[in-house]
Amino acid sequence: MILTLATIQQTHDKIRHATMLTPTVYAARLSKQLGIDLYLKLENLQHTNAFKARGALAKLLTLTEAERAAGVIACSAGNHAQGVAYHAERLGIKATIVMPEGTPFNKIKRTEDFGAHVVLHGKGFDDGVQFTHDMAADQGLTIIHPFDDPVVAAGQGTVAIEMLEQQPDLDVIVVPIGGGGLIAGMSVAAKAIKPCVVVIGAQAETFDAVKAAVEGHAPHFGGPTLAEGIAVKAPSKANIEIVKAHVDQIHTASEAEIEDAVFDLLSSEKLVVEGAPGAGLAVIKNNLAALKGKKVGLVICGGNIDSRLLSTLILRGLVRDGRITRLTFEIDDTPGQLSTISRIIGDAGANVVEVIHQRMMQTVALKQAELEVVIEARDVAHTKDIVGKLRAEGFRVRTDNGL
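When we follow numbering that gives the first Met the number 0, the leftmost residue of the sequence shown carries the number 0, and every step to the right adds one.
In short, the hints are calculated from the structure, not lab data. One should not assume that every hint holds.
[Said to hold, decoys possible] Taking CB as the label site, the calculated pair distances span:
1. Thr61 / Val318: 47 to 53 Å
2. Ala5 / Phe104: 39 to 45 Å
3. Pro194 / Glu100: 41 to 47 Å
4. Lys388 / Gly101: 42 to 48 Å
5. Arg319 / Glu164: 35 to 41 Å
[Stated by the list, open to error] Here are the simulated lysine-lysine pairs, DSSO-like style, with alpha carbons at most 27 Å apart:
6. Lys293 / Lys193
7. Lys291 / Lys193
8. Lys190 / Lys284
9. Lys269 / Lys284
10. Lys236 / Lys193
11. Lys122 / Lys93
12. Lys193 / Lys243
13. Lys232 / Lys108
14. Lys93 / Lys108
15. Lys232 / Lys122
16. Lys243 / Lys190
17. Lys284 / Lys31
18. Lys122 / Lys108
19. Lys269 / Lys293
The model shown is predicted, which means the values in this text are computed figures rather than measured ones. Beta carbons: idealized from backbone N, C-alpha and C, even for Gly.
Generate the whole structure from the sequences, applying the supplied hints.
Listed below in C-alpha coordinates is the structure:
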(Lines of atoms letter the chains of each structure in order from A; the text may use other names.)
(Lines give C-alpha, C1' and ligand atoms only; values in the text may rest on other atoms or scores of the structure.)
Protein backbone atom coordinates (compact mmCIF):
# COMPACT_ATOMS: atom_id res chain seq x y z
CA MET A 0 0.00 0.00 0.00
CA ILE A 1 1.12 3.55 -0.77
CA LEU A 2 0.10 5.96 1.96
CA THR A 3 -2.25 8.53 0.39
CA LEU A 4 -5.46 10.25 1.39
CA ALA A 5 -7.35 7.79 -0.81
CA THR A 6 -5.85 4.72 0.88
CA ILE A 7 -6.44 6.24 4.32
CA GLN A 8 -10.08 6.98 3.43
CA GLN A 9 -10.51 3.43 2.12
CA THR A 10 -9.04 2.11 5.35
CA HIS A 11 -11.40 4.32 7.32
CA ASP A 12 -14.36 2.81 5.47
CA LYS A 13 -13.13 -0.69 6.34
CA ILE A 14 -12.50 -0.15 10.06
CA ARG A 15 -15.11 2.41 11.07
CA HIS A 16 -17.74 -0.24 11.87
CA ALA A 17 -15.49 -1.74 14.56
CA THR A 18 -13.73 1.36 15.93
CA MET A 19 -15.16 4.17 17.98
CA LEU A 20 -15.76 7.60 16.48
CA THR A 21 -14.07 9.36 19.37
CA PRO A 22 -15.04 12.99 20.03
CA THR A 23 -12.93 16.07 19.45
CA VAL A 24 -13.81 18.31 22.40
CA TYR A 25 -13.04 21.89 23.35
CA ALA A 26 -10.74 22.01 26.40
CA ALA A 27 -12.40 24.96 28.10
CA ARG A 28 -10.25 25.19 31.22
CA LEU A 29 -6.91 24.61 29.54
CA SER A 30 -7.82 26.99 26.72
CA LYS A 31 -8.45 29.73 29.27
CA GLN A 32 -5.24 28.95 31.15
CA LEU A 33 -3.07 28.81 28.03
CA GLY A 34 -4.67 31.59 26.01
CA ILE A 35 -5.37 29.47 22.93
CA ASP A 36 -8.33 27.49 21.61
CA LEU A 37 -7.39 23.90 22.42
CA TYR A 38 -9.30 20.89 21.08
CA LEU A 39 -8.65 17.34 22.22
CA LYS A 40 -9.21 14.23 20.09
CA LEU A 41 -10.08 11.68 22.77
CA GLU A 42 -8.50 8.49 21.52
CA ASN A 43 -8.17 7.46 25.17
CA LEU A 44 -11.87 6.57 24.78
CA GLN A 45 -11.10 4.24 21.88
CA HIS A 46 -11.44 0.47 22.25
CA THR A 47 -8.48 -0.53 24.47
CA ASN A 48 -8.12 3.20 25.35
CA ALA A 49 -5.64 4.05 22.58
CA PHE A 50 -5.52 4.87 18.86
CA LYS A 51 -3.47 1.73 18.18
CA ALA A 52 -6.64 -0.33 17.78
CA ARG A 53 -7.21 1.41 14.42
CA GLY A 54 -3.98 0.29 12.77
CA ALA A 55 -4.15 -3.16 14.31
CA LEU A 56 -7.61 -3.77 12.87
CA ALA A 57 -6.63 -2.38 9.47
CA LYS A 58 -3.78 -4.88 9.22
CA LEU A 59 -5.78 -7.85 10.54
CA LEU A 60 -8.42 -7.26 7.87
CA THR A 61 -5.79 -7.76 5.14
CA LEU A 62 -4.82 -11.29 6.25
CA THR A 63 -5.53 -14.30 4.07
CA GLU A 64 -7.48 -17.24 5.44
CA ALA A 65 -4.23 -19.18 5.86
CA GLU A 66 -2.63 -16.32 7.77
CA ARG A 67 -5.67 -15.97 10.01
CA ALA A 68 -5.58 -19.69 10.77
CA ALA A 69 -1.87 -19.61 11.65
CA GLY A 70 -2.16 -16.60 13.96
CA VAL A 71 -0.37 -13.31 14.43
CA ILE A 72 2.39 -11.89 16.61
CA ALA A 73 3.20 -8.35 17.68
CA CYS A 74 5.91 -6.61 19.68
CA SER A 75 4.57 -3.79 21.81
CA ALA A 76 5.03 -1.85 25.05
CA GLY A 77 1.29 -2.00 25.62
CA ASN A 78 -1.18 -0.07 23.48
CA HIS A 79 -0.52 -1.83 20.18
CA ALA A 80 -0.54 -5.10 22.12
CA GLN A 81 -4.03 -4.46 23.40
CA GLY A 82 -5.25 -3.28 20.00
CA VAL A 83 -4.01 -6.44 18.29
CA ALA A 84 -5.29 -8.69 21.08
CA TYR A 85 -8.74 -7.06 21.14
CA HIS A 86 -9.42 -7.24 17.42
CA ALA A 87 -7.71 -10.62 16.96
CA GLU A 88 -9.99 -12.16 19.59
CA ARG A 89 -13.00 -10.48 18.01
CA LEU A 90 -12.04 -11.91 14.61
CA GLY A 91 -11.18 -15.37 15.95
CA ILE A 92 -7.43 -15.07 15.32
CA LYS A 93 -4.83 -16.42 17.77
CA ALA A 94 -2.47 -13.65 18.94
CA THR A 95 0.95 -13.74 20.61
CA ILE A 96 2.29 -10.50 22.06
CA VAL A 97 5.95 -9.86 22.95
CA MET A 98 6.19 -7.21 25.67
CA PRO A 99 9.26 -5.79 27.45
CA GLU A 100 10.15 -7.04 30.88
CA GLY A 101 8.95 -4.46 33.36
CA THR A 102 5.84 -3.54 31.35
CA PRO A 103 3.21 -2.18 33.78
CA PHE A 104 1.10 -5.02 35.11
CA ASN A 105 -2.16 -3.39 34.07
CA LYS A 106 -1.06 -3.47 30.40
CA ILE A 107 -0.06 -7.14 30.61
CA LYS A 108 -3.32 -8.12 32.28
CA ARG A 109 -5.49 -6.19 29.86
CA THR A 110 -3.69 -7.80 26.94
CA GLU A 111 -4.17 -11.27 28.40
CA ASP A 112 -7.80 -10.46 29.20
CA PHE A 113 -8.35 -10.13 25.43
CA GLY A 114 -7.15 -13.70 24.97
CA ALA A 115 -3.59 -13.06 23.79
CA HIS A 116 -0.56 -15.08 24.86
CA VAL A 117 1.98 -12.66 26.36
CA VAL A 118 5.73 -13.33 26.21
CA LEU A 119 8.02 -11.01 28.17
CA HIS A 120 11.43 -10.32 26.61
CA GLY A 121 14.03 -7.55 26.76
CA LYS A 122 14.16 -4.19 28.50
CA GLY A 123 12.29 -2.19 25.88
CA PHE A 124 10.46 -2.33 22.56
CA ASP A 125 13.65 -2.33 20.51
CA ASP A 126 15.06 -5.33 22.42
CA GLY A 127 12.06 -7.44 21.45
CA VAL A 128 11.97 -6.79 17.71
CA GLN A 129 14.39 -9.50 16.59
CA PHE A 130 12.96 -11.92 19.11
CA THR A 131 9.52 -11.32 17.61
CA HIS A 132 10.80 -11.94 14.07
CA ASP A 133 12.43 -15.17 15.21
CA MET A 134 9.22 -16.41 16.83
CA ALA A 135 7.23 -15.46 13.73
CA ALA A 136 9.58 -17.44 11.49
CA ASP A 137 9.64 -20.46 13.80
CA GLN A 138 5.86 -20.65 14.24
CA GLY A 139 4.64 -19.33 10.88
CA LEU A 140 2.98 -16.27 12.42
CA THR A 141 2.20 -12.98 10.66
CA ILE A 142 3.84 -9.95 12.26
CA ILE A 143 1.56 -7.01 13.02
CA HIS A 144 4.09 -4.22 13.34
CA PRO A 145 3.07 -1.25 15.53
CA PHE A 146 4.27 1.41 13.10
CA ASP A 147 6.55 0.15 10.29
CA ASP A 148 3.71 -0.84 7.95
CA PRO A 149 1.77 1.44 5.58
CA VAL A 150 -1.48 -0.41 6.30
CA VAL A 151 -1.07 0.23 10.02
CA ALA A 152 -0.11 3.86 9.37
CA ALA A 153 -3.22 4.24 7.19
CA GLY A 154 -5.32 2.98 10.09
CA GLN A 155 -3.73 5.52 12.42
CA GLY A 156 -4.19 8.25 9.82
CA THR A 157 -7.96 7.91 10.10
CA VAL A 158 -7.65 9.98 13.29
CA ALA A 159 -6.90 13.07 11.17
CA ILE A 160 -9.89 12.48 8.90
CA GLU A 161 -12.19 12.46 11.93
CA MET A 162 -10.54 15.46 13.59
CA LEU A 163 -10.95 17.65 10.53
CA GLU A 164 -14.52 16.47 10.00
CA GLN A 165 -15.35 17.29 13.61
CA GLN A 166 -13.36 20.55 13.76
CA PRO A 167 -12.59 21.68 10.21
CA ASP A 168 -11.18 25.07 11.21
CA LEU A 169 -8.20 23.73 13.14
CA ASP A 170 -5.04 25.70 12.39
CA VAL A 171 -2.60 23.30 14.06
CA ILE A 172 -2.59 19.59 14.89
CA VAL A 173 -0.11 18.31 17.50
CA VAL A 174 0.73 14.60 17.32
CA PRO A 175 2.96 12.57 19.68
CA ILE A 176 5.71 10.62 17.87
CA GLY A 177 7.21 7.26 18.75
CA GLY A 178 7.84 5.02 15.76
CA GLY A 179 6.13 7.53 13.47
CA GLY A 180 3.07 5.57 12.31
CA LEU A 181 0.50 7.93 13.81
CA ILE A 182 2.07 11.15 12.58
CA ALA A 183 2.86 9.66 9.15
CA GLY A 184 -0.74 8.65 8.55
CA MET A 185 -2.21 11.77 10.12
CA SER A 186 0.08 14.23 8.33
CA VAL A 187 -0.63 12.71 4.90
CA ALA A 188 -4.39 12.86 5.53
CA ALA A 189 -4.39 16.28 7.17
CA LYS A 190 -2.26 17.99 4.52
CA ALA A 191 -4.37 16.50 1.72
CA ILE A 192 -7.64 17.59 3.33
CA LYS A 193 -6.40 20.99 4.49
CA PRO A 194 -3.00 21.96 3.04
CA CYS A 195 -2.65 25.03 5.27
CA VAL A 196 -2.96 23.11 8.54
CA VAL A 197 0.29 23.03 10.53
CA VAL A 198 1.31 19.59 11.79
CA ILE A 199 3.61 19.54 14.82
CA GLY A 200 5.24 16.43 16.24
CA ALA A 201 5.96 15.95 19.93
CA GLN A 202 8.63 13.70 21.42
CA ALA A 203 10.22 13.08 24.80
CA GLU A 204 13.68 14.64 25.12
CA THR A 205 15.10 11.26 26.07
CA PHE A 206 13.71 9.51 22.96
CA ASP A 207 13.97 12.01 20.10
CA ALA A 208 14.94 9.64 17.28
CA VAL A 209 12.56 11.07 14.68
CA LYS A 210 13.47 14.69 15.42
CA ALA A 211 17.16 13.76 15.25
CA ALA A 212 16.71 11.94 11.93
CA VAL A 213 14.82 14.83 10.39
CA GLU A 214 17.31 17.44 11.61
CA GLY A 215 20.39 15.34 10.89
CA HIS A 216 21.96 15.00 14.32
CA ALA A 217 22.55 12.19 16.79
CA PRO A 218 19.53 11.18 18.90
CA HIS A 219 19.37 11.54 22.66
CA PHE A 220 18.51 8.35 24.52
CA GLY A 221 18.22 8.64 28.27
CA GLY A 222 16.71 6.66 31.11
CA PRO A 223 13.08 5.74 31.82
CA THR A 224 10.38 8.06 30.54
CA LEU A 225 6.79 8.66 31.57
CA ALA A 226 6.02 8.68 27.84
CA GLU A 227 6.85 4.97 27.49
CA GLY A 228 4.43 4.54 24.57
CA ILE A 229 6.65 6.76 22.38
CA ALA A 230 10.00 5.56 23.75
CA VAL A 231 11.28 4.19 20.42
CA LYS A 232 14.95 4.16 19.45
CA ALA A 233 14.51 2.83 15.91
CA PRO A 234 11.55 4.50 14.17
CA SER A 235 10.43 3.48 10.70
CA LYS A 236 12.60 4.89 7.91
CA ALA A 237 9.56 5.09 5.64
CA ASN A 238 7.68 7.09 8.27
CA ILE A 239 10.64 9.43 8.70
CA GLU A 240 10.56 10.23 4.98
CA ILE A 241 6.85 11.01 5.22
CA VAL A 242 7.50 13.21 8.26
CA LYS A 243 10.14 15.13 6.31
CA ALA A 244 7.64 15.79 3.53
CA HIS A 245 4.50 16.55 5.54
CA VAL A 246 5.32 17.61 9.12
CA ASP A 247 6.10 21.26 9.75
CA GLN A 248 7.84 21.10 13.13
CA ILE A 249 8.99 18.62 15.77
CA HIS A 250 9.59 19.65 19.38
CA THR A 251 10.61 17.77 22.50
CA ALA A 252 9.58 17.99 26.14
CA SER A 253 11.44 17.15 29.33
CA GLU A 254 10.26 14.57 31.84
CA ALA A 255 9.21 17.29 34.28
CA GLU A 256 7.22 19.06 31.55
CA ILE A 257 5.51 15.80 30.51
CA GLU A 258 4.61 15.03 34.12
CA ASP A 259 3.17 18.52 34.62
CA ALA A 260 1.13 18.19 31.42
CA VAL A 261 -0.36 14.81 32.39
CA PHE A 262 -1.37 16.36 35.72
CA ASP A 263 -2.84 19.39 33.92
CA LEU A 264 -5.03 17.16 31.73
CA LEU A 265 -6.24 15.30 34.80
CA SER A 266 -6.82 18.28 37.08
CA SER A 267 -8.16 20.74 34.48
CA GLU A 268 -10.00 18.48 32.02
CA LYS A 269 -10.57 15.37 34.19
CA LEU A 270 -8.85 13.17 31.61
CA VAL A 271 -6.73 10.16 32.55
CA VAL A 272 -3.91 10.05 29.99
CA GLU A 273 -0.51 8.47 29.64
CA GLY A 274 2.78 10.21 29.00
CA ALA A 275 2.60 10.45 25.19
CA PRO A 276 -0.27 12.97 25.07
CA GLY A 277 1.44 14.67 28.00
CA ALA A 278 4.41 15.26 25.69
CA GLY A 279 2.01 16.80 23.17
CA LEU A 280 0.53 19.22 25.70
CA ALA A 281 3.98 20.06 27.03
CA VAL A 282 5.10 21.02 23.52
CA ILE A 283 2.03 23.23 23.19
CA LYS A 284 2.79 24.93 26.51
CA ASN A 285 6.39 25.51 25.40
CA ASN A 286 5.28 27.23 22.18
CA LEU A 287 2.36 29.40 23.30
CA ALA A 288 3.71 32.58 21.72
CA ALA A 289 3.69 30.97 18.26
CA LEU A 290 0.27 29.39 18.84
CA LYS A 291 -1.50 32.47 20.18
CA GLY A 292 -4.78 33.09 18.37
CA LYS A 293 -4.71 29.62 16.79
CA LYS A 294 -7.13 26.73 17.04
CA VAL A 295 -4.94 23.86 18.13
CA GLY A 296 -5.86 20.18 18.06
CA LEU A 297 -4.06 17.64 20.24
CA VAL A 298 -4.38 13.88 19.89
CA ILE A 299 -4.98 12.33 23.31
CA CYS A 300 -3.54 9.13 21.93
CA GLY A 301 -3.76 6.88 24.99
CA GLY A 302 -5.03 6.56 28.54
CA ASN A 303 -3.34 3.37 29.74
CA ILE A 304 -1.24 4.81 32.55
CA ASP A 305 -0.33 2.52 35.45
CA SER A 306 -2.62 3.25 38.42
CA ARG A 307 0.21 3.26 40.96
CA LEU A 308 2.22 5.66 38.82
CA LEU A 309 -0.86 7.84 38.43
CA SER A 310 -1.43 8.04 42.18
CA THR A 311 2.16 9.17 42.74
CA LEU A 312 1.90 11.67 39.90
CA ILE A 313 -1.24 13.17 41.44
CA LEU A 314 0.41 13.63 44.81
CA ARG A 315 3.49 15.19 43.21
CA GLY A 316 1.25 17.52 41.21
CA LEU A 317 -0.56 18.63 44.36
CA VAL A 318 2.80 19.34 45.96
CA ARG A 319 3.93 21.41 42.97
CA ASP A 320 0.69 23.40 43.08
CA GLY A 321 1.21 24.13 46.76
CA ARG A 322 -1.94 22.23 47.70
CA ILE A 323 0.04 19.73 49.76
CA THR A 324 3.02 21.04 51.75
CA ARG A 325 5.26 19.64 54.45
CA LEU A 326 5.93 22.02 57.34
CA THR A 327 8.94 21.21 59.51
CA PHE A 328 9.12 22.66 63.05
CA GLU A 329 11.75 22.75 65.75
CA ILE A 330 9.68 22.98 68.93
CA ASP A 331 10.28 22.90 72.66
CA ASP A 332 9.53 19.39 73.94
CA THR A 333 6.68 20.55 76.15
CA PRO A 334 2.96 19.64 76.24
CA GLY A 335 0.52 21.56 74.03
CA GLN A 336 2.82 22.47 71.14
CA LEU A 337 1.16 20.16 68.61
CA SER A 338 -2.29 21.20 69.78
CA THR A 339 -1.49 24.87 69.21
CA ILE A 340 -0.03 24.22 65.76
CA SER A 341 -3.05 22.13 64.74
CA ARG A 342 -5.44 24.84 65.95
CA ILE A 343 -3.68 27.56 63.93
CA ILE A 344 -3.70 25.39 60.80
CA GLY A 345 -7.37 24.44 61.28
CA ASP A 346 -8.47 28.02 61.99
CA ALA A 347 -6.77 29.05 58.73
CA GLY A 348 -8.95 26.59 56.78
CA ALA A 349 -6.37 23.92 55.98
CA ASN A 350 -6.34 20.19 56.74
CA VAL A 351 -3.65 18.23 58.56
CA VAL A 352 -2.85 15.16 56.46
CA GLU A 353 0.05 13.61 58.40
CA VAL A 354 2.08 14.29 61.55
CA ILE A 355 5.55 12.92 62.38
CA HIS A 356 6.92 13.77 65.83
CA GLN A 357 10.43 12.65 66.78
CA ARG A 358 12.79 13.47 69.61
CA MET A 359 15.26 10.57 69.45
CA MET A 360 17.31 11.52 66.40
CA GLN A 361 20.13 13.94 67.09
CA THR A 362 19.08 16.62 64.62
CA VAL A 363 17.71 18.84 67.40
CA ALA A 364 18.76 19.77 70.93
CA LEU A 365 17.98 17.40 73.81
CA LYS A 366 15.07 19.47 75.13
CA GLN A 367 13.60 20.05 71.69
CA ALA A 368 11.73 17.89 69.17
CA GLU A 369 11.32 17.95 65.42
CA LEU A 370 7.79 17.99 64.12
CA GLU A 371 6.73 17.42 60.52
CA VAL A 372 3.17 18.34 59.59
CA VAL A 373 1.85 17.68 56.08
CA ILE A 374 -1.04 20.00 55.30
CA GLU A 375 -3.58 20.35 52.49
CA ALA A 376 -4.27 23.94 51.50
CA ARG A 377 -6.04 25.71 48.63
CA ASP A 378 -2.89 26.89 46.85
CA VAL A 379 0.56 28.40 47.42
CA ALA A 380 -0.88 31.72 48.62
CA HIS A 381 -2.99 29.93 51.23
CA THR A 382 0.04 27.96 52.44
CA LYS A 383 2.11 31.15 52.65
CA ASP A 384 -0.61 32.75 54.76
CA ILE A 385 -0.63 29.76 57.14
CA VAL A 386 3.16 29.82 57.50
CA GLY A 387 2.95 33.53 58.30
CA LYS A 388 0.40 32.91 61.06
CA LEU A 389 2.55 30.15 62.58
CA ARG A 390 5.64 32.36 62.60
CA ALA A 391 3.64 35.20 64.11
CA GLU A 392 2.90 32.85 67.03
CA GLY A 393 6.64 32.28 67.50
CA PHE A 394 7.04 28.93 65.78
CA ARG A 395 10.23 28.20 63.83
CA VAL A 396 8.94 26.56 60.64
CA ARG A 397 10.37 25.79 57.23
CA THR A 398 8.79 24.35 54.10
CA ASP A 399 10.04 22.22 51.21
CA ASN A 400 9.15 24.95 48.71
CA GLY A 401 11.04 27.67 50.58
CA LEU A 402 8.07 29.77 51.76
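**Asked** Which of the numbered hints are not met once you compare them with the structure shown?
**Response** Nothing - there is no hint that the structure violates, so all of them hold.
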